[in-house]
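**Student:** Residue numbers (the UniProt record's numbering): 1 to 470.
Since the hints were derived computationally from the structure, they do not count as laboratory data. By construction, the Cβ of each residue, glycine as well, lies at the ideal position given by its N, Cα and C atoms. Errors might be hidden in some of the hints.
[As the list claims (entries may be wrong)] Pairs of lysine to aspartate or glutamate, DMTMM-like flavour, derived with a Cα cap of 25 Å:
id, residue 1, residue 2
1, Lys194, Glu207
2, Lys373, Glu342
3, Lys373, Glu402
4, Lys280, Asp225
5, Lys130, Glu109
6, Lys154, Glu213
7, Lys232, Glu138
8, Lys412, Glu382
9, Lys246, Asp229
10, Lys255, Glu290
11, Lys162, Glu143
12, Lys165, Glu138
13, Lys246, Asp278
14, Lys122, Glu183
15, Lys464, Asp389
16, Lys246, Glu213
17, Lys281, Asp292
18, Lys255, Asp467
19, Lys119, Asp73
20, Lys308, Asp58
[To be verified] Ranges between beta-carbon positions, derived for each pair:
id, residue 1, residue 2, range
21, Asp421, Gln252, 33 to 39 Å
22, Asp421, Ala139, 55 to 61 Å
23, Lys180, Ser45, 33 to 39 Å
24, Pro78, Glu115, 23 to 29 Å
25, Lys463, Ile59, 47 to 53 Å
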Amino acid sequence: MYIRQNLILKLFYIKMRKISVLLLSAISLLACQKNEKTIINGKFSSYYGMPAKIVGEDIDKELIIKEDGTFSDTLSVPSNHYTIVAGGAIIPIYLTQGNHLTINADFSENPLKTEFIGKDAKASEYLQNKMKLNSENEATYKEMFAQKPEDFTKSIQEVENKLAKLLEDHASKLEKSFVKLEEKENKFYILGLKTIYPALHKEFTQEEIQMPEAFEQELATLDLDNPEDFKKYPAYKRLVINTFTKNFFELQADKLSEDYPKRWLNFLNKIKSLKTKDLKKEIAPFIAYEMDASNNKESNQMILEILKENITDSLALQQINQKYASLEKLYPGNDVPNFNFENFKGGKTTLESLRGKLVYIDLWATWCVPCLKEIPALQALEKEYHDKDIVFVSISIDQKYEDWKKYLTENKLSGIQLYADLTTENNFAQELEVHSIPYFILLDKHGKIIRVNAPRPSDPQIKKLIDSHL
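All chains should be built: construct the whole structure from the sequences, respecting the hints.
**Tutor:** Next comes the structure, spelled out in structure tokens:
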């Protein structure tokens, strides 16, 4: 009995060892497959040494073209859609991991004559034809987006039908899985065109128009946080990025509304909770610019957290942390440093001497074109509020004192005109973290900050801000 049990155990261990070896072999095979590289090569005839590169998901690298026009490269491709940019030409290609694609192109031909060889050749040929079709469609966009909603809906359906027909014509030569991917890609592409309809309609006609309800309903059912689709479908990626950036800019245009702080914080929370990490990385640069003292501290803390999660550059992170720390002194209710600057009308003027009225400060220079463009609006604003409890102070930071004197003499500007010699009196600008001009600041009647980086005189929001504090 003991011998029999021993034999059974021995056979069991032998069997388990075989299974283990098979499992290890399978794991090794999967690892090899996962790390398989994709090879692209080919020849560009009549190509004269112009820079070329391949771009796409996680790839943006130079493609070395030899003197005879040949090239070869080995890539790790996390996605499928890539583009070769060479000598002003754009060649869309479809790559799958572990495959080999040859691309031959004759740059003496116009349009460019391209040949693809390999497993992904037919998919790349289809994408080349699709690019041509989209270019033809785009040539009619100005006319199409200028249409009224009913006609635009018909036109967009025609575009969708053309894309479907192109795919149908190529379907017999394409893998079924690729056809399914393209059907979904085309739907995202069409939805993307629908979402930009109001903006482009206004651009081409100067007419405001509402998004058609049917388009709104389509967009409402779209999952804007799908990591897999974000990597797989270029049109989905564009659509989602456009949607978030559109929401972002609409929010920033409404900074002075009462519920802005709450809506801005909700937006930041939404970004922070996204599952699609690559989407966060795309949006992070926009958000970085909005880390300033016009936000409340909670919003800036949220921005800091988002940036830390999505930025890996150590120097950039150091600068972001420094900026966050510097904002502490710029929040509403804080004092600003006193100044004592030369007044164009004679003598010197201090900030303390202006207590009892709101103070709207403009930091500018005669060499600054954007500054000069704001002067008519600033003069009009000063005239409108002339009898109110507010003073308008323009502080020039011109390096050449005579340029400032000459400009004021010739243009007879109203308001309090001061000159700050930043070689000796730079504390005011430094303390307020002023890095570019024009720069506007609104202070309350006690000299405390209402808002740094305040709206410009040409921005209608400035009147709302002033009126709410008079």
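**Student:** Each hint needs a verdict: does it hold in this structure or not?
**Tutor:** The hints, checked one at a time:
no.	hint	in the structure
1	Lys194 with Glu207	holds (17 Å)
2	Lys373 with Glu342	holds (24 Å)
3	Lys373 with Glu402	holds (21 Å)
4	Lys280 with Asp225	holds (10 Å)
5	Lys130 with Glu109	holds (19 Å)
6	Lys154 with Glu213	holds (15 Å)
7	Lys232 with Glu138	holds (23 Å)
8	Lys412 with Glu382	holds (14 Å)
9	Lys246 with Asp229	holds (20 Å)
10	Lys255 with Glu290	holds (11 Å)
11	Lys162 with Glu143	holds (18 Å)
12	Lys165 with Glu138	holds (17 Å)
13	Lys246 with Asp278	holds (18 Å)
14	Lys122 with Glu183	holds (16 Å)
15	Lys464 with Asp389	holds (15 Å)
16	Lys246 with Glu213	holds (18 Å)
17	Lys281 with Asp292	holds (20 Å)
18	Lys255 with Asp467	holds (15 Å)
19	Lys119 with Asp73	holds (17 Å)
20	Lys308 with Asp58	holds (20 Å)
21	Asp421 with Gln252: 33 to 39 Å	holds (35 Å)
22	Asp421 with Ala139: 55 to 61 Å	holds (56 Å)
23	Lys180 with Ser45: 33 to 39 Å	holds (35 Å)
24	Pro78 with Glu115: 23 to 29 Å	holds (26 Å)
25	Lys463 with Ile59: 47 to 53 Å	holds (49 Å)
Comparing the model with each numbered hint stated earlier shows that all of them hold.
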